[in-house]
Amino acid sequence: MNNDNQIDSFRVSMRDIDLNGHVHNSVYLDYFEDAVVNQLRAHGMMQYFRPATSGVAYHVKKCEATFLYPLSVDDIITPVVYIEKLGNSSLIFNIKLEVKDPQVICAEGKLIWVCVNIDDNTPRPIPEETRTQLINKFTFIEAEDQQNKPLGENAHHAGSR
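Heads up, the sequence shown is in UniProt numbering, so the first residue is 1 and it goes up one at a time.
Quick caveat, the hints were computed from the structure, so don't treat them as lab data. This one's a predicted model, so the numbers in the text were calculated from it and none came from an experiment. Incorrect hints may have been included.
Unchecked claim - In the PhoX-like style, the derived pairs of lysine-lysine whose C-alpha atoms are separated by at most 20 Å in a straight line are: (1) K110 x K62; (2) K61 x K85; (3) K61 x K137; (4) K100 x K85; (5) K110 x K137; (6) K110 x K61; (7) K110 x K85.
Take these sequences, add in the hints, and give me the full structure.
This is the structure we're talking about:
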């Protein structure tokens, strides 16, 4: 696993558990969002995503989750974040949550963010400096045929294109 896109692990908390004894489906969306923000922070990029310092805002347009393996209290999770697509005004993050024991991917998610003007919330191009930082600091993963390839086989660093 490429450590450039892997974030510190965390333990599943009791507050995340539903009546069936595993993580409630809605909590995975929190995990995905936290993984992306923690990755931005780890790369020193938060100033590009704060409206007060960047002059733009990012709205979540779409989120999706695929559940592969149930999580329970005290499981150790390691999030891995890639960029699947860097569009003109949108950005697709691909997130994988790995459980430590057994070593499996327990969930996969996507978050689509759209860059908007602060004053009227209309889409606008992602600022060039932000785009450059994303290209230089994130690993990109190809969208096509991900389900049929082992994790990492279709990942590459944007700088090596």
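For a C-alpha distance cap of 20 Å, please report whether K110 and K137 respect it. holds (19 Å)
If you draw a straight line from the CA of K110 to the CA of K61, is it 20 Å or shorter? Distance ~11 Å between K110 and K61 Cα, so the pair holds.
Holds or violated: K110 with K62, Cα cutoff 20 Å? Since the Cα atoms of K110 and K62 sit roughly 8 Å apart, the hinted pair holds (cutoff 20 Å).
Pair hint outcome, K110 versus K85 [Cα-Cα no greater than 20 Å]: Between K110 and K85 the Cα gap is close to 11 Å, so the pair holds against 20 Å.
Take the C-alpha atoms of K61 and K85, compute the straight-line distance between them, and say whether it is at most 20 Å. holds (14 Å)
For the pair supplied as a hint, K100 and K85, is the alpha-carbon distance within the 20 Å limit? violated (28 Å)
Pair hint K61 and K137, alpha-carbon separation not exceeding 20 Å: Since the Cα atoms of K61 and K137 sit roughly 23 Å apart, the hinted pair is violated (cutoff 20 Å).
Violation of the numbered hints given earlier is confined to hints 3 and 4; the remaining hints are satisfied by the structure.
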